[in-house]
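S.K.: Spelled out from the first residue to the last, the chains are:
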Amino acid sequence: MVENIRNRSIELFKQFGLWLIPSLFLLVFYFLPFGNIIFTSISKSSSSFFVVLLTVLSSQNIRQTIYFTFYQATLSTILTLVLGLPSAYLFARYDFKGKSFIRILTGLPFVMPTLVVAAAFSALIGSQGWINTLLMNIFNSKAPILNLSHTLAAILLAHIFYNTTIIIRIVGDFWSRLSPQLRSAAQVLGANRIKSVVFVTIPLIMPAILAAAILVFIFDFTSFGVILILGGPKFGTMEVEIYYQTIGLFNLPTAAVLSLIQLFFTLLLTIIYTRLSNKISKPLSLTSTKSSQNKLVSHKSKFFAGVILLLLISLTLLPLISLIVKSFVSSYYIDHSINNHLFTLDFYRELSINRRQSVTFSPPTTAIAVSFIYATLTVLFSLAIGLPAAYNFSRYGNNKINKILDPLLMLPLGTSAVTMGLGFIITFNKSPLNLRASPIIIPIAHTLIALPFVVRILTPALRSIQPRLKDAASVLGASPREVFQRIEYPIISKAIIVAATFAFTISMGEFGATALLTRPEYTTIPVLIYRFLSRPGALNYGQAMALSTLLMVIVVIGMVVIEKLRILDVGEF
Amino acid sequence: MPGLQINNIHKDFVDKNILNGITFYQKPGEIIVVLGPSGSGKSTLLNIIAGLVQPDKGEIYWNRKLMNHIPVHERNFGLMFQDYALFPHMNVFDNIAFGLRMKRIPKDELFSRVREIIDLIGLNNYEKRDINTLSGGEKQRVAFARSLAPRPELLMLDEPLGALDRRLKDQLIEELKGILQKTKQTTIYVTHDQEEAFSLADIVIILNHGRIVQRDTPQQIYQNPSSTFVAQFLGLNNIFPSIINFSGTSTIVKTPFGEFKINKHPRLTKESNFVLFRPDRFYIGKDSKITLNGLVIDSSFRGNNCRLLIKVNQHNLALDVPTQFMSIPEVNKNIQISFDPDKTIQILTE
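In the order they appear, the protein sequences are chains S and F.
Throughout, this note's numbering is defined as the position within the first sequence, counted from one, plus 591.
Throughout, this note's numbering is defined as the position within the second sequence, counted from one, plus 1.
Keep in mind the hints are simulated off the structure, nothing from the lab.
Honestly, I wouldn't trust all of these hints.
BS3-like mimics (lysine-lysine), calculated; alpha carbons at most 30 angstroms apart, straight line [unchecked claim]:
hint, chain 1, residue 1, chain 2, residue 2
1, F, K290, S, K786
2, F, K290, S, K886
3, S, K891, F, K17
Not the full set, but computed from the structure, chain F residues with beta-carbon under 7 angstroms of chain S [claimed, not checked]:
hint, residue
4, V54
5, I71
6, V73
7, P257
8, P330
On a predicted model such as this, the values are computed, not experimentally measured, just so you know.
Just so you know, even glycine gets a beta-carbon here, dropped at the ideal spot from N, CA and C.
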């Protein structure tokens, strides 16, 4: 009896201990900064919240920004659906050679850092981009003919590039599990082709379309790096405005109010999304995808597939390839007089040279080192916090505390990185938590962003180690150490590598929060790319291309590691 | 001729031959059961008749009208799918009413027809139920009701009881049969289960590798299987290659168990080179015409009868003997069995 009580209290203590680290982290680094944003917007200034709100909303400029945020997000979402839905149909209903490869390929943009994407589109459609260079050569013109940088078109293209995969995965996966017999059944019962689509197919896949569209809208709504670089000064979203208000004008109350407005909408949309995504996880009349997919036989279907695949592949690969090539080609190429060397490694060589002899400017190689250190720290932190949390969820998933903690840990996923950075700035600027000047603040911010992914990867893996598995091993004669070595470790280690890779690539590419928190002496790769891109000159541009290519290679290696271990589908949201 | 005429239907999928010259005729009101192993082309045949799949060759006539180019939704045929294909976003009522709505049946008539059907299949008070909350048997009923509601001229059922357990199956077959006979519904029923086929069919069509291998009444098929395939499919396993010689009115068959004289078999052809010893027509002891000595190597009790495996001349013979009046022979014991060649031996083509 006494033994029993003691065991129970040890168990409770263990649970409490596991629960303590993640909750404490979340409390200090998520809720405290957010409380502070609200607090700042209400009382930091002499006027009350509503006065600030009114001032913010009465500014023509900011009203324009809010309007534009909605406008570009709506337009991007619609255009993404225009390409995404036929693609989803192709993936759902047809089986063809290289399908899984193209699926992975279309998922690639989703993990690309925004700065790489911005640089890649600039390399394709910007004034120094390939299409323009080609046109200038054809027409022998000295002035740029096509320059899409700093246009709405560039922003829209980049958003389509990013989010088509979301439509393909959410709608396509759902559609492929929907039995094609449902449509046949409607037809046998007297519905013609159109009626069978209107009464059966569309109502059934509507929740998936809406869920995917809302998710795309949220991402477009809070888009930062793409807008900052491809939009230029002419186009600002709320996210960009928060950044300018914080960094440029140091108008923290206005930034905080804007954050709150943005947070209100993202939260609203996230709630709708969660509702819908629960609805689409409800089992329908599902079939195995094998029976629902046809080979491309008819000419019509081959033509359809050809067009869609061409669009998908060129949208995905053209910008990225342009980027790589641009980083190796001297842009003197445009000028016919000095057309002597095309291929060059100059931009990569320049990365280690501090040309400006400036004290505050560190050479790119330092930034690369800093990025690696931050990423390593992010991996360590997110595993240190994610493992106990995941262990807790996998063992005691049904207890009350975990049921609260689980969705809370996912919150950073729906929070904009710039807002997070703002929260950090106004919170950790005084003792006892004066981290503002400390470089450690950046890996902490990255950990917050990576944590939802890490926990989502680790929990199912830990859950798959059922106590029965260990029992079975023990009965077969394995000692506790051997049980760990041969059963638990092999199962967890894969998941840990995947989670670590994820955390690593997220940290390497993170821009929004870093842009606000970074200090000149500890610049990261994305921040440096941004600086190079915003400066004039072929050398700066070339170095931006070289750095972006490096970052892309790192992310692709990460993707390959994840795909090889095949634990997680990148499209699982 | 009114009814369904299927003429020389061929169908290949990619590089696989599915149907190879299917021809048959169905009278109005008749229940035809298409029986065959999985992969024999049964479902494809239904899909072609329904219009969901186009045949490569051949014609489908309904009441002398060529149907090949009539679109699915204008054929007025019903098809109940193997996994039911109930619309998950509609309740029971809306599922059943779907076909009537497509026909633009007026509201009053639609309601009374759905009520009538719901009464018929015994699902009263289920109208508002969510499809996803139904049990397997309930789903089966709703799917059946849905295909029956628009009064299809021809009803096709694709393994409608496939996923259900034996007891529920037996019950539903009886109900199904009652409804189909009461409404004089012309029906094609596809299954791989011979019990289902025999208890339901006016005519059984046996399909193998896309060909019709036998078409007959259930009783004829069971008593006179035409080929080794049909015999094996019906579970009649004592099939042996034999040399068959004609002599006047009788026939000599040379089997592993000796030469026997039997009356000329109606189905005898030049390709006939197998014989079947019907397992249910043997006797323990030497009461019948021919007696064989054998060793019991296995016996399994199956309620009404008992299956014995007996080794005679290095070959195994399976016997189904009734258990009511005798004790079951022990394993590893020598026994005598006897039979009447005319009743027990049947000649088969391969």
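S.K.: Identify whether the interface hint at V54 (chain F) stands, where standing means a beta carbon of chain S within less than 7 angstroms of its own.
M.R.: Violated, because the Cβ-Cβ distance from V54 (chain F) to chain S comes to roughly 10 angstroms (cut-off 7 angstroms).
S.K.: Per the CB criterion, is P330 (chain F) less than 7 angstroms away from chain S?
M.R.: Violated - the Cβ of P330 (chain F) stays beyond 7 angstroms from chain S, reaching only about 43 angstroms at its closest.
S.K.: Taken at face value, is the distance from the CA of K886 (chain S) to the CA of K290 (chain F) at most 30 angstroms?
M.R.: violated, 61 angstroms
S.K.: Holds or violated: the hint that V73 (chain F) contacts chain S, with Cβ atoms closer than 7 angstroms.
M.R.: Since chain S brings a Cβ to about 4 angstroms from V73 (chain F), closer than 7 angstroms, the hint holds.
S.K.: Between K891 (chain S) and K17 (chain F), is the straight-line Cα distance small enough, at 30 angstroms or below?
M.R.: Given that 30 angstroms is the threshold and the Cα spacing comes to 22 angstroms, the pair holds.
S.K.: Grab the minimum C-beta distance from I71 (chain F) to chain S and call the hint holds if it beats 7 angstroms, violated otherwise.
M.R.: Result: violated, 12 angstroms to nearest chain S Cβ.
S.K.: Less than 7 angstroms between beta-carbons is the criterion; does P257 (chain F) satisfy it with respect to chain S?
M.R.: Since the shortest Cβ distance to chain S is 44 angstroms, the answer is violated.
S.K.: For the pair supplied as a hint, K290 (chain F) and K786 (chain S), is the alpha-carbon distance within the 30 angstroms limit?
M.R.: Violated, at roughly 69 angstroms.
Hint check: violations occur at hints 1, 2, 4, 5, 7, 8; the rest are consistent with the structure.
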